[in-house]
Structures are given as structure tokens and as C-alpha cells.
Amino acid sequence: MEDNIDVEAGENQFQPYLDALRKELEHQDPIFIIGIIISLAVVVISFVLLKYFLSSKTVQSAVLLVGLCDSGKTLLFSRLLSGKFKKTQTSITDSSAPYKAKNEKGSSWTLIDLPGHDSLRPQYVEKFKSAARAIVFVVDSAIFQKEVRDVAEFLYFLLTDSAVSRNVPSLIVACNKQDITMAKSAKLIQQQLEKEMNTLRVTRSAALGTQDGSAGSSVHLGKKGKDFEFSQLPMKVEFLECSARGSKGENGQADIGSLEKSLANL
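For the sequence shown, my numbering gives the first residue as 3, with consecutive numbering after it.
No wet-lab data here; the hints were simulated from the structure. Where hints are given, some of them may not hold.
Derived DSBU-like pairs: lysine-lysine, alpha-carbon spacing no greater than 30 Å straight-line [what the hints assert, rightly or not]: (1) Lys-148 with Lys-225; (2) Lys-189 with Lys-263; (3) Lys-263 with Lys-197; (4) Lys-129 with Lys-263; (5) Lys-148 with Lys-189; (6) Lys-102 with Lys-89; (7) Lys-148 with Lys-250; (8) Lys-238 with Lys-129; (9) Lys-107 with Lys-238; (10) Lys-226 with Lys-148; (11) Lys-263 with Lys-88; (12) Lys-238 with Lys-226.
Please take these sequences and the hints and turn them into a complete structure.
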């Protein structure tokens, strides 16, 4: 009984203010009232969108080293961090360490070496892709001709990933092992990858169309109606030549100046 009395007292306390507000609104121009309502709605919607943007934004502070097995990723990882030659073996897990770029800002990234085995690649890409500020795709230039199909398929997998497409990290294709006589140039590797990925785009789109009647279930690579070129991608793409081993072997310096410069410009 006492609770009911308290509620009624509360309602009576605010009733004069409500009556005054109602009378004031009755004397206002309807257009003015509508304007107030719209303004309030805009403020609320803006607040909700800002909150969603801030909560969903992922800090992109990682540089991912990816590529096929034996492309030289792990040695490149060691050279970038310490400059030293290190005997390596096939990685079965990721390795990470802070990397300080060689620029005036002293920019610092987390350098992550991902396993290159085809059975491990997808899960590690999934784990780190959202944090990628840049993807360094390492290619074995010496045997590229034999691996062009596998290289193109892995690169296609990365570039058609929805998270990668949305976050647009820089793509650096590091054409490694340039110290070997038979190594292909970065320009030739780019041209052959464009041809191979153009073919993949056609076959994959056809396969998707057969499965669900539409090819729109994955990110389209490049521009529709045109042969694929890396220049069509939304992210910055760079092909460069390097040698993690170096021309003087284990006792010499690595030839990675162009890669270090690119990382400094991220």
C-alpha cells in the first residue's frame, strides 16, 4: 500500500513539469518540433556508429612473412631482426619479434614468420590476417618457374580473403634468392603471376557459379571484364628483388636493402 502511495507521489511531483512541456510544444511550429526530433536522431545514430567503429577497429601493427616452404622466409626473418645468417629448417609454427624500421620515425612493427607448409598456412593466416599492416610474400626466384601455380594459388587465397580485402594491408612480393644465377627477375615474376592469377580467377569464378548459381560469394580479384593486373588491387603492391643469403654466402651480408626501405615506408 505504501509503495503505491510513493509511486503516485512521484507522478504528481513531475506532473506540473509535464503539463508545462506539453503546453509549450502545443504552441510551437510543427516543423520546429520535427527538426528537433531529427537532430536528436542524428546525434543518437552518430553515437552508435562511432561506438561500433571504435570497438571493431583492429590495430594493424604486424608485418607477416608468408610464402611456400623453402622460399627463405625464416632466414629473411633472422636477417631483418639481427642481420645475421642463421641455419633454418621448415617451420611448423609461427615466430614473432619486435622489428624497428629504419626510418626517422623509428616505427616499430611485430614481425611474424608464418609456416609455409600448405596444411598449416590457412590456420596461421586466419590467426594473424586482421593485424597485418603489411604482407611480405616471399618467392623463391630460383625455382619460380616450377612453383608458379602454387605461388599463384596461395596469393589468390590471400587476396580474395574478405578480411584482407577490407583491411587493405600493403603487399610486398619479395623475390628472394637473387644470388642464384637462374633466379627470375621481379618484373618477370610479376608478369607470370598476373597471367596465372587471371586464369585462376576465371576457373574459380566458374566453380563458384556451378556450386551456388552465383560467383558473388567471395571477393572478386581485380576489375571485372579486364585481365588481372596487380595495379587493380585496392592496396599498395610492390615487387622487389632481394637475397636473404647474400652473394657472399653465410659470412657475407644479406641483400635486403630494398625490402628494409619498403618496410620503412609503411
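Evaluation of the provided hints:
1. About 28 Å separates the Cα atoms of Lys-148 and Lys-225, which keeps this hinted pair within 30 Å; it holds.
2. Between Lys-189 and Lys-263, the direct Cα distance comes to roughly 19 Å. Compliance with the 30 Å bound is thereby established for this hinted pair.
3. With a C-alpha separation of about 28 Å, the suggested pairing of Lys-263 with Lys-197 holds against the 30 Å cut-off.
4. Taking the CA atoms of Lys-129 and Lys-263, the gap is about 27 Å. The hint holds against a cut of 30 Å.
5. Restraint check for Lys-148 and Lys-189: satisfied, since their Cα atoms lie roughly 17 Å apart, inside the 30 Å limit.
6. With a C-alpha separation of about 23 Å, the suggested pairing of Lys-102 with Lys-89 holds against the 30 Å cut-off.
7. Simply put, Lys-148 and Lys-250 have alpha-carbon atoms about 26 Å apart, close enough for the 30 Å limit, and the pair holds.
8. A C-alpha spacing of about 22 Å is found between Lys-238 and Lys-129, which places the hinted pair at or below 30 Å, so the restraint holds.
9. Taken as a hint, the Lys-107 and Lys-238 pair is honoured in the structure, with Cα atoms around 21 Å apart against an allowance of 30 Å.
10. Simply put, Lys-226 and Lys-148 have alpha-carbon atoms about 29 Å apart, close enough for the 30 Å limit, and the pair holds.
11. Taking the CA atoms of Lys-263 and Lys-88, the gap is about 22 Å. The hint holds against a cut of 30 Å.
12. This hinted pair checks out: Lys-238 and Lys-226 have alpha carbons roughly 19 Å apart, not beyond 30 Å.
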